[in-house]
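Numbering (my numbering), first residue to last: 1 to 369.
Simulated from the structure, these hints should not be mistaken for laboratory data. Every residue gets a Cβ at the ideal spot worked out from N, C-alpha and C, and that includes glycine. One should not assume that every hint holds.
Unchecked claim - Label pairs and their calculated CB-CB ranges:
#1 125 / 40: 26 to 32 Å
#2 74 / 116: 19 to 25 Å
#3 125 / 25: 21 to 27 Å
#4 74 / 182: 46 to 52 Å
#5 39 / 137: 23 to 29 Å
#6 155 / 111: 18 to 24 Å
#7 74 / 5: 33 to 39 Å
#8 182 / 249: 22 to 28 Å
#9 139 / 240: 35 to 41 Å
#10 5 / 179: 47 to 53 Å
#11 247 / 182: 18 to 24 Å
#12 179 / 77: 37 to 43 Å
#13 69 / 167: 39 to 45 Å
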Amino acid sequence: MSPFTDDEIRALQIAESISSGLSFICSIAVIVVCFSKRNPDSNRMPGFLAISDFGLSITTLAGRAFIQNPDGIPCAIQGWAVHVFFVSTMLWNAAMAVCVLVTLGARWDVDGLPKLYPWFHLIIWGVTFTNATIMAILQKYGDAILWCWLPASESVLRFAAFFDIIWAALIFNLTVYVYIGYELWRAQKMLTRALGCGIKAAPGVHLDDPVLRYARRVSWFILGYILIWVPPTTNRIQNSLPGAEPLYALFMLQAVFTPLQGVTTFLIYFWRIRSARTPRGRAAMHGNGPTSAPGVCSSNSARDPTQAGTRALDDAASGRPLGTLSRVTPPRANSSISVKECRSMSWQYVHGICPGLHGKHFGSNWYRK
């Protein structure tokens, strides 16, 4: 029996339906664009994530439709689907972080990333299907108030088989983001010390600090994770406390934010596409940035692709192929550039300008010809 009144339950269902409906529409949009034959991108990771978002939106859109018979097969199917698609969405985000990590940290050839896709599918769907199916066989699914899932009596299973996986993947993602930001900052600091002169960029040229840009973009990812996963985790922790009564406000927050997985994927994916169509975005994609005043720097020295750290995160998660991170021509080591321009350069430039300067970690063959 629900601890809330009929009006409260109805309000929860309305909020849940609105969020799930938005996620449903957004997921379809990402899938259609990502897998379209007209899409030149070879990166299909956002599409795989959107498939999980799509399945999740359908599952949560059903809401409490099957809770009237918590021991029935329809309720068990919904509980199984909730478990599969919630966990798989976070694991696909972790897979994207792996792509960024091996590309920038382990110097993996970006053209070889699609070879990892079958392994990602095997691991992600294998883990989620096995996990959810075992609990379905053990008949653990029941009334979880918002939808059929693990009831409050299965609090241990909720954390052991669900929230532990979710938060492990989330912490891994955040660790990768911090690592990339640190490496970008360190590379720029080394470049600033190795190269520098008093020459300024040409008038009207805007040079962004990629560390700050990267920090701004990562902050949006972190905010998205907080909005989506802190409410349900807090709610389920409160539900598991001995003698605790369910708090309606926590259930409302969970009903509003948790189904919005597809919306966040949509916003990130199409925001990246829109950014790529701006003049500065197109220049970054092709390694052509603003140049300094004539006669001051070489034509290569003032380029500002800023791809390596700044764009790695949103490239992996939102559709631009990671292949754009490689194959750039570094400036000459004796080029005259300003400190500000140095700070606007990317990892490839550090590796190309200063071969051997930073030991084996920064070899001259980092960028692939």
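Hint-by-hint comparison with the structure:
Residue 125 and residue 40 have their C-beta atoms about 27 Å apart, which keeps the hinted 26 to 32 Å range intact. Take residue 74 and residue 116: their Cβ atoms lie about 36 Å apart, and the range 19 to 25 Å is violated. At about 24 Å, the beta-carbon gap between residue 125 and residue 25 stays in the expected band of 21 to 27 Å. Under the hint 46 to 52 Å, the C-beta atoms of residue 74 and residue 182, about 49 Å apart, fit the expected range.
Under the hint 23 to 29 Å, the C-beta atoms of residue 39 and residue 137, about 40 Å apart, miss the expected range. For residue 155 and residue 111, the Cβ-Cβ distance of about 46 Å falls outside the hinted range of 18 to 24 Å, so the restraint is violated. Distance hint check: the CB atoms of residue 74 and residue 5 are about 25 Å apart, inconsistent with the given range 33 to 39 Å. Under the hint 22 to 28 Å, the C-beta atoms of residue 182 and residue 249, about 38 Å apart, miss the expected range.
At about 20 Å, the beta-carbon gap between residue 139 and residue 240 misses the expected band of 35 to 41 Å. Between residue 5 and residue 179 the beta carbons are some 48 Å apart, a value that agrees with the proposed interval 47 to 53 Å. Between residue 247 and residue 182 the CB atoms are about 39 Å apart, so this pair departs from the stated range of 18 to 24 Å. Remark: the range hint 37 to 43 Å for residue 179 to residue 77 is upheld by a beta-carbon distance near 40 Å.
Against the hinted window of 39 to 45 Å, the Cβ-Cβ separation of residue 69 and residue 167 comes to about 32 Å, which falls outside the hint.
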